[in-house]
Amino acid sequence: MARKLPAKDVVIIGLGWTGSIVAYELADAGLDVIAIERGPWRNAPTDYPPGYAPDELRYRIRHELFLRPEQTTFTFRNKMNQTALPIRTWGAFMPPNGVGGGGVHWNAETWRFLPSDFVLRTHLNERYGAGFLPEDMTIQDWGVTYEEIEPYYDRFEYLCGTCGQAGNLKGQIIEGGNPFEGPRSRPYPNPPQQQPFAATLFAKAARELGYKPFPQPSGNMSRAYQNPLGVRMGPCTFCGFCEWFGCGNHSKSSPQTTILPALIRKPNFSARDNCEVTRINLDASGKRATGVTFVDTGGNEWEQPADLVILSAYTIFNVQLLLLSGIGKPYDPSANSGVIGRNFTHQTISDVVSFFDPAKFTFNPFIASGAIGTCVDEFNGDNFDHGPHGFVGGGYMGQVQTNGRPIETTPVPPGTPRWGAQWKKAVKENYQSALKPGTGVHGSMYSYRDVYVDLDPTYKDRFGRPLARITMDFHDNEIKQNKFLTDKFAEIFQAMGAKQVHKEYRKAPYDVTKYQTTHLCGGAIMGTDPSTSAINRYLQSWDVPNLFVTGASGFPQNAGYNPTGTLGALAYWAADAIRNKYLKDPGQLINA
Amino acid sequence: MRSALFIAVAVAALGAGAGTCRASDLQDFAAVERGRYLATAADCGSCHTVPGSGRPFAGGRMIETPFGVLAAPNITPDRETGIGAWSDDQFDAAVRGGISRNGARLYPAMPFPYYSRMSREDVKDIRAYLSTIKPVANAVRVNRLPFPLNLRTSMLVWDQLYFTPGEFHPDASKSQEWNRGAWLVQGPEHCGACHTPKTFLGGDKSSETLQGSTLQGWTAPDITSGQGSLRDWTAEDIATYLKAGHNRHAAAAGLMGEVVDLSTSKLTDADLNAIAAYVKDVSGPAQENAGSPDKDVISAGGAIYQDLCSACHAQDGKGVPNMFPNLSEAATVKARDPTTVLHVILQGAQTVATDREPTGPAMPAFGWQLDDAKIAAVATYVRNHFGKAPAVSGSEVRKARTAETARTN
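Protein chains in written order, with this note's numbering: chain S, 478 to 1069; chain D, 11 to 419.
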C-alpha cells in the first residue's frame, strides 16, 4: 500500500531538459513543484571532474551514464508478425538515466527544424500531389508552426548559449550561415566555435560543389557565457570527450550547466532522485490525474498527489507510462485506431569514411567537441526537389569532428585485418589522415503505420509491469533517401582530395545493435485531431487535461536534425501555455 | 537607510553610555528585523548550526581550534538546553563580555572580542531575533579541550592579554561609509578572527591586522591593500566578492564560501560597499621575496598545469571571470602559507553558489591522482609562476595530506 505524501501543485516525472525547463518556469510562476527522477542526482563539476571524466572505457564502452538494461529494457522486433525479444545491451540508442537526462551525454548539436517540417503532410501534398507519399506513411502536421515557436527556440538557445552563425535573420539571408533555416529573430548568443582543419577543407570543397556550408550550431561554448538565469559557462577546450560523457568544465550546454543551478535555489522546488514513477494516477472519472505513484530504492511505494502532472521522461518511457496508466487509447496498427504508441520514429544515419595521403594531410582528430564541424543543408527536409528521386525527407550532412579517442576512432581502410600487426600498422598510418565524421549523414525518419510502441505480451520489468515493445523497420523511402544523401556526402570528400572514400549506407532491416543516435521520437504525438494524436498543440493530453507530455515523444515524425533544440523550444512553449493560459482557467486548452 | 539607522543607533548608544537601553520588548518587529540582520552580519548561524541538520542555532557543530575541539552551544530559546531562560544581561555578558551565564569565561572561538564592538542595543536586538527561532532541545557538551585548557580559569589570563572590551569608536576624520565598514569588519563580521595572524596563545597580533592566518585547513589570506594581496582589487571587486562569492579574480570556497553563503551575500549593497571601502583603506606590506624555485620543479609543475589545470584556469592562469579564479590575483595563491592551495589540489573545493552567481563551479580533487612530489611541483608552479609565492615541498604536501585525513570538520 502506497504511503501518501503531502500534495504539491506540480509533479514532474523525469528531470532532464524538458523537465528542468518546465519545473523552472512553473516554480518561477510561484507553484510548489516536485520532480521525481529515476536515476541519481548528477552535478557537473563533481560527477564528471576533468580528472577522470575523459575515460573512454568507463563512459563510452561501459555506458556509465546510461540506464542499465537489467534495471529495465525494451523488447524489439522489426515486423508485426515477429516475436519481440528483450534488448540486453544498448545499441541503436542509449536510454539516459539520472538528473539531466540525455542533456548530460549529448553532443550539444543544437538545431532548429525547418518551417516546412512542422506542416509536413500539408506541405508535401501541396508540392508533390496527394499520391506522392507512400500509402503507409503516417506523417502529420504538428499543430504548431515554426513562426509560433520561434521565440521559444530563441529562449532555449539563449539558455544554452548556443554558438552559431545565423543564416536567416528576420528573413534576411546572411552569408556564412545556413540559408535554409527559418527566420530567426536575433543572432545566436555566441559565435561559432573555431573550425578545425578538416572542417575548413570540407567547407571549401562544398563551396566548390555549389553548396553553402556553415558551422554546425553547437552547445560547446566558443567563449565564456552567462545565460539569462545568471548561470555561467566556460569556453570549450576541444577535449573530444563530449558525446557519451558529461562535461565538468561547464563548457557543454546541459541542464546542469544552464538551468539546474538556478532551479535548485528556488525554495518552492524540490526533487527526489533514485525514485521511479510506476504510474500516473487518475480519479474515478479517468479524466483527471491525481498525482503519481513511485517506488524508492528501498522498494517502498509512495503516492505523490499533485494538481498538475508533467510527463517529461525519455521518449519511450513517456509512451510506456501512458500505456501503463491507462491514459489515451492504445494504438492498434491493424485497425489503424488509437493514439498511444503511434508514429514512433528514430533517425536514418550513415557515414562516409575517407582516407587521405598521410604525407599531405594531418587532421588532428583529437581536437574535437561534440558539435564542432561544418555542415551543408541542401539535402535536408524539402530543401530540394524530391520529384525526380521518388522519396521524401532528407538530412544535414557534415564533417563533424567529435573525437579522436583511441578505442572508438581508429579508422582503417576496408580490407584491413581486424587485429594483429597489419591492423596496428594501418591504424598508425591513418590516424591523422583519415576522416570519420562524428555525425555524417543525419537523415530524417518519417512515420509509418507499422512502426509503433505497445506493451509486450510476454516480458515484464522488475515491478511486474509489461516492457515496452518496439516494432520498427526501415522503409524503402528512408533507404532511398540514405543512398542519395550518402552519395552526395561522399562527393564532397572526393572533392577534398581523399584517395579512398568508403560509404557506409544505412540498410534494412533496422538493426537495434548498431548505434544511430538516441533520437527516438513519437509515440505520444502532438496534433490537431484527438483521433490521431495524444496531445494537443500545447502538449496537453487530450484525455487528461491536467497532464502535459513534453519531449520528443510528441514529434509526429522525425526531421533530418537533432531533436534537442525543438524539444527544448516546445517545453518553453508548453510552459508558457500553462503559465498564461492553463493556470488562469485549468481545463482543456483546445476544443477539438 | 538601514545602515544609516545602525550608525544612529550605535552613536546614540555610545553617547548615552553602555548602561542605558530601551525597554526590552521581544515582540518588537523592528527590533527582531534588526536582530535578524545583525545575526546574519555576525554569522551566528555558521557555528551554532550543524550544516544540513535543519535545526538552526541548535548548536553541536564542532569548532576546530589550534588547542582542541569545542562544540558550539545551543542558542535557540529552549529553556533547558538553549538560552530561553537567560536574561538580556546574561546574554549581553556572553556576547560582548565573554562571560557565560554561570560566570565562567568563554573560549574565544566565540568571537566576543569582536562582538564587544557592538552596542548593548545591537545585542539585545539579536536576542530578540533569536527568541523568534523554534526552540530545540539539544544538550551540547561544549568543552572538549584537553587539560589544562579545559579549565576555563585559564581564560582569565587570555582575556587580560588579548581582550579589550568596549564598543566601536567612530573615527571622525573618516567618512560615514568608512566608519560603517570599520564597525562591520571589527564588530559583527569579525573578519580578523580568521584573517588576522594569531599569537601562540591564539590572540590577535594587533599590529598585523587582516594580514592573513591559517585555520581549520584553510588559509584566510592577507586581505590588506596598500602593498598587500588585494592591492589590485578595487572596492567594487571586494563588494562583488562578498555579495556573489565570485568576482573577476577569485571564488569563495570552504570557510569563506560559508561566510558568503550565510552572511555577506545577505548584506545590503550599501554595507558591502562600506566594508570594501574600509578594507581598501587597510594597508599591508608587500609579499616577501619568493626566492627562485628549482627550474626542474617549475618545468614539471608547468607540464602538470598544462595537462590538468589549464582547461579551466587557462594557459595564462587568468581563468574565467566570475567562474574560474585568476591565479595571479587570488589572494590564497599569493599567500605565504600554501594551505589553501594544497587543500584545493588535494581534495578539490566547491565554490559557493549565490543568488547573484548561482553557478557554483567546483575544483576537482587531484589527491588521488598525483603523488606528493607532483602536487608539490604543480603547487610551486601555480604559486610561483602566477602568484609570486614561495615553493612548496613534497614534505609540506605530505603533512597537508595527513592533516586533511585527520580533520574533524
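FYI, nobody ran anything at the bench for these hints, they're computed from the structure. Do not rely on the hints blindly, as some may be mistaken.
Said to hold, decoys possible - Straight-line C-alpha distance at most 30 angstroms; calculated DSSO-like pairs for lysine-lysine: (1) S:Lys-647 x S:Lys-681; (2) S:Lys-937 x S:Lys-689; (3) S:Lys-1058 x S:Lys-991; (4) S:Lys-743 x D:Lys-276; (5) D:Lys-184 x S:Lys-485; (6) D:Lys-184 x S:Lys-481; (7) S:Lys-976 x S:Lys-957; (8) D:Lys-184 x S:Lys-743; (9) S:Lys-485 x D:Lys-208; (10) S:Lys-764 x S:Lys-960; (11) S:Lys-481 x S:Lys-957; (12) D:Lys-184 x D:Lys-208; (13) S:Lys-556 x S:Lys-901; (14) S:Lys-743 x S:Lys-837; (15) S:Lys-681 x S:Lys-980.
To be verified - Covered, in the sense of this in silico footprint (three residues per stretch, anywhere, with C-beta under 8 angstroms from a C-beta of chain S), are these stretches of chain D: (16) 282-296; (17) 327-333.
Claimed, not checked - Far from chain S by the CB rule (all over 12 angstroms, computed), these chain D residues: (18) Glu-74; (19) Val-79; (20) Ser-110; (21) Arg-151; (22) Thr-163; (23) Ser-217; (24) Ser-320; (25) Ala-372; (26) Pro-374; (27) Gly-377.
Here a beta-carbon is modelled for each residue, glycine too, at the ideal position from N, C-alpha and C.
Next on the checklist: Given the hinted pair Lys-681 of chain S and Lys-980 of chain S, is their Cα-Cα distance within 30 angstroms?
Outcome noted: holds (21 angstroms)
Checklist entry - Given the hinted pair Lys-184 of chain D and Lys-481 of chain S, is their alpha-carbon gap at most 30 angstroms? => result Violated, at roughly 62 angstroms.
Item to check | Least C-beta distance from Ser-217 of chain D to chain S larger than 12 angstroms | outcome: holds (40 angstroms)
Item to check | Non-interface claim for Glu-74 of chain D versus chain S (Cβ beyond 12 angstroms) | outcome: Its Cβ never comes within 12 angstroms of chain S, the nearest being 24 angstroms, so this holds.
Next on the checklist: A cut-off of 12 angstroms on Cβ-Cβ distance, and Gly-377 of chain D was said to be off the interface with chain S. Does that hold?
Outcome noted: violated (10 angstroms)
Checklist entry - Under the criterion that the straight-line Cα-Cα distance not exceed 30 angstroms, is the pair Lys-184 of chain D, Lys-208 of chain D satisfied? => result holds (28 angstroms)
Item to check | Assertion that Ser-110 of chain D lies farther than 12 angstroms from chain S (Cβ) | outcome: The claim stands: Ser-110 of chain D keeps its Cβ more than 12 angstroms from every Cβ of chain S (closest is about 36 angstroms).
Item to check | Proximity test - 8 angstroms, beta-carbon atoms, the region 327-333 of chain D to chain S, at least three hits | outcome: Three-residue rule met by the region 327-333 of chain D, so holds; n is 4.
Checklist entry - Taken at face value, is the distance from the CA of Lys-208 of chain D to the CA of Lys-485 of chain S at most 30 angstroms? => result The given pair, whose Cα atoms are some 52 angstroms apart, is violated under the 30 angstroms limit.
Item to check | Consistency of the no-contact label for Val-79 of chain D, given chain S and a CB cut of 12 angstroms | outcome: holds (28 angstroms)
Checklist entry - For Pro-374 of chain D, which was marked as not at the interface, is the minimum beta-carbon distance to chain S over 12 angstroms? => result violated (3 angstroms)
Next on the checklist: Given the hinted pair Lys-184 of chain D and Lys-743 of chain S, is their Cα-Cα distance within 30 angstroms?
Outcome noted: Violated, at about 41 angstroms.
Violated hints, in rising order: 2, 3, 5, 6, 8, 9, 10, 11, 13, 14, 16, 24, 25, 26 and 27; the structure is consistent with all others.
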